[in-house]
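Going down the list, the sequences are from chains A and B. Residues 1 to 507 (the working numbering) make up the first sequence, in order. Residues 1 to 82 (the working numbering) make up the second sequence, in order.
One should not assume that every hint holds.
Stated by the list, open to error - Computed list of lysine-lysine pairs in PhoX-like fashion (alpha-carbon distance at most 25 Å, straight line):
hint: 1; chain 1: A; residue 1: 107; chain 2: B; residue 2: 36
hint: 2; chain 1: B; residue 1: 68; chain 2: A; residue 2: 237
hint: 3; chain 1: B; residue 1: 37; chain 2: A; residue 2: 500
hint: 4; chain 1: A; residue 1: 409; chain 2: A; residue 2: 398
hint: 5; chain 1: A; residue 1: 304; chain 2: A; residue 2: 500
hint: 6; chain 1: B; residue 1: 68; chain 2: A; residue 2: 231
hint: 7; chain 1: A; residue 1: 398; chain 2: B; residue 2: 37
hint: 8; chain 1: B; residue 1: 36; chain 2: A; residue 2: 36
hint: 9; chain 1: A; residue 1: 237; chain 2: B; residue 2: 5
hint: 10; chain 1: A; residue 1: 381; chain 2: A; residue 2: 398
No wet-lab data here; the hints were simulated from the structure.
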Amino acid sequence: MNQPTASSSIWKVIAASSMGTLIEWYDFYIFGMLAKTISVQFFPEGNDVAALLSTLAIFAAGFIVRPFGALLFGRLGDLIGRKYTFLLTLVLMGSATFLIGLVPGYKSIGVLAPILVLLLRLIQGLALGGEYGGAATYVAEHAPANKRGLYTSWIQTTATLGLFVALGVILLVKSSMSNEAFDAEWGGWRYPFWLSILLVGVSIYIRMKMKESPLFAKLKHEGKTSVNPLKESFSHKANFKMVLLALFGAVMGQGVIWYTGQFYAQNFLETRVMIEFGQSRTILLWAILFATPFFVFFGWLSDKIGRKWIMLIGMLLGVLFYRPIYSSFLSSVDPDKIEIVDVKETATPKVVAEPSATGSLRTTTTSYASTNGWAYTVVSKETIKQDGSVTTAQMQYKDRVLPTPVFWKFVWLVFIQIFFVTMVYGPVAAFLVELFPTKIRYTSMSLPYHIGNGVFGGLVPFIGLLLTTSFPADPLVGLWYPIIVAALCFVIGALYLNNKIDPNVND
Amino acid sequence: MNKLKRYAGLVWIIAGPLIFILLLMAAWYNIDTAGKKDINNPVPWVIIIGIFLPIVIGLVIFGWYALKGEYDHLPEDSTEIE
Numbered sequence: 001m002n003q004p005t006a007s008s009s010i011w012k013v014i015a016a017s018s019m020g021t022l023i024e025w026y027d028f029y030i031f032g033m034l035a036k037t038i039s040v041q042f043f044p045e046g047n048d049v050a051a052l053l054s055t056l057a058i059f060a061a062g063f064i065v066r067p068f069g070a071l072l073f074g075r076l077g078d079l080i081g082r083k084y085t086f087l088l089t090l091v092l093m094g095s096a097t098f099l100i101g102l103v104p105g106y107k108s109i110g111v112l113a114p115i116l117v118l119l120l121r122l123i124q125g126l127a128l129g130g131e132y133g134g135a136a137t138y139v140a141e142h143a144p145a146n147k148r149g150l151y152t153s154w155i156q157t158t159a160t161l162g163l164f165v166a167l168g169v170i171l172l173v174k175s176s177m178s179n180e181a182f183d184a185e186w187g188g189w190r191y192p193f194w195l196s197i198l199l200v201g202v203s204i205y206i207r208m209k210m211k212e213s214p215l216f217a218k219l220k221h222e223g224k225t226s227v228n229p230l231k232e233s234f235s236h237k238a239n240f241k242m243v244l245l246a247l248f249g250a251v252m253g254q255g256v257i258w259y260t261g262q263f264y265a266q267n268f269l270e271t272r273v274m275i276e277f278g279q280s281r282t283i284l285l286w287a288i289l290f291a292t293p294f295f296v297f298f299g300w301l302s303d304k305i306g307r308k309w310i311m312l313i314g315m316l317l318g319v320l321f322y323r324p325i326y327s328s329f330l331s332s333v334d335p336d337k338i339e340i341v342d343v344k345e346t347a348t349p350k351v352v353a354e355p356s357a358t359g360s361l362r363t364t365t366t367s368y369a370s371t372n373g374w375a376y377t378v379v380s381k382e383t384i385k386q387d388g389s390v391t392t393a394q395m396q397y398k399d400r401v402l403p404t405p406v407f408w409k410f411v412w413l414v415f416i417q418i419f420f421v422t423m424v425y426g427p428v429a430a431f432l433v434e435l436f437p438t439k440i441r442y443t444s445m446s447l448p449y450h451i452g453n454g455v456f457g458g459l460v461p462f463i464g465l466l467l468t469t470s471f472p473a474d475p476l477v478g479l480w481y482p483i484i485v486a487a488l489c490f491v492i493g494a495l496y497l498n499n500k501i502d503p504n505v506n507d
Numbered sequence: 001m002n003k004l005k006r007y008a009g010l011v012w013i014i015a016g017p018l019i020f021i022l023l024l025m026a027a028w029y030n031i032d033t034a035g036k037k038d039i040n041n042p043v044p045w046v047i048i049i050g051i052f053l054p055i056v057i058g059l060v061i062f063g064w065y066a067l068k069g070e071y072d073h074l075p076e077d078s079t080e081i082e
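Input sequences plus hints: build the corresponding full structure.
Below is the structure:
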């Protein structure tokens, strides 16, 4: 059994671990959320080298580097200890984020700008790959057996809270200045990056005061730590088969459910439903706020009834309800199905005419608002041929603002998706910790987690785009990827996983 | 139940290469150096296919272990793993 840790001490352990993980996620998210602004500053259009670096910076950190970070820092964590390893990942992540905020733009230093950003982004990805396993292992090894799910679930809230803080900071900075001041080379978009160093300073101070995990300290004292954790994790068949089971029976599905609920939803609201920037983010903020306590609830519940079925039911609910939920998003704004009364133009329409090979292209942008709360902008494009005939393309809506009842309906629909996330994500840290022995736990649990979360989850937008390009008639076709992966993981998990909670991780 | 676990192993063994072939076909179909969408860019495809290859091999190995009955009984403590 674990050495029981005093109640006040365990909360310090949880606070220190969660704070660091939250900051790491905050650092990771601000890059993604400011990607559009960053791409203008660091990666100019029309330069092939810069475009290649841009693509690598966005893809590489998420796909290649996180599993490598898991291997590198997992190995260190099993060799030298949990405390120092995840202190190192925090310093690396925080410094890289702060330095991204200091890199001059492409206009000032040319192609060096995207190269530096790529390097710093790779460091971020590596650090993130090492952080989670350390934090989860550290908390679990302090926790009593009957509360392992409850205590580690606090770590699970940090990804969501990191997203929440990143969104809040960006909205705050953006609302305090004009768009021009925010988007300038040394403008407001850099503030969230700089803020990171303050947060990291506080977290390092807290973590420095922590002691090594009691289970690892005991192993080290007895001289029983692993000599080669990588070899023991992946070349011993008995352990390797558990790594595969963890990946295909749990974290692969968890990754797609997590990514769909927290990222695909936001992207869909912005690019398909065409909701205005601020409102789409506010919808996500409310949904996250309401759903976050459920991470802890399902962590607690998993201590009572086992981890397996909570995670698997979360996946199954995603499989069954994603298409109805996203269909409801679309039908709620369908002009043929909703009543928009007393519509008025809010400004003089803007007309831009550009010459084209066959005549000219005229774009008219008109903004409207109705007395029942709807507001939107319509962009219509007309091709005026040389013979004077006019062809009108389909009108496009953008910057949609929803009336209050529809806004709260959307909050509810996003909340449901994040509720599924809390089911799959709340118990998963305790589940992974209990699957592997102490001396190779950090390495063994980090790799499947980051492949499941980073690769399978990270692929949601790209494969969604691939499916949408191949089958443009169905606006919901991108959902088939998370649905199929979650369904596959549900079947594998249901068949092969054990629901029994391992009372003893002290081995 | 153990019989079902073993038979399902065959499905995972077949699914691995099938997924990989689908990915290669999608890359072949979508990569277009003149195209401007993300999906036309070869870089993400190279990264995704490169990182998916070991995962697919992992799925085949998982299927093989399942077929051989390695998951009929899961270890109950670390002595069974070490």
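How the hints compare with the structure:
| no. | hint | verdict |
| --- | --- | --- |
| 1 | 107/A to 36/B | 23 Å, holds |
| 2 | 68/B to 237/A | 13 Å, holds |
| 3 | 37/B to 500/A | 47 Å, violated |
| 4 | 409/A to 398/A | 19 Å, holds |
| 5 | 304/A to 500/A | 11 Å, holds |
| 6 | 68/B to 231/A | 23 Å, holds |
| 7 | 398/A to 37/B | 20 Å, holds |
| 8 | 36/B to 36/A | 16 Å, holds |
| 9 | 237/A to 5/B | 18 Å, holds |
| 10 | 381/A to 398/A | 14 Å, holds |
The structure shown violates just one earlier hint, number 3.
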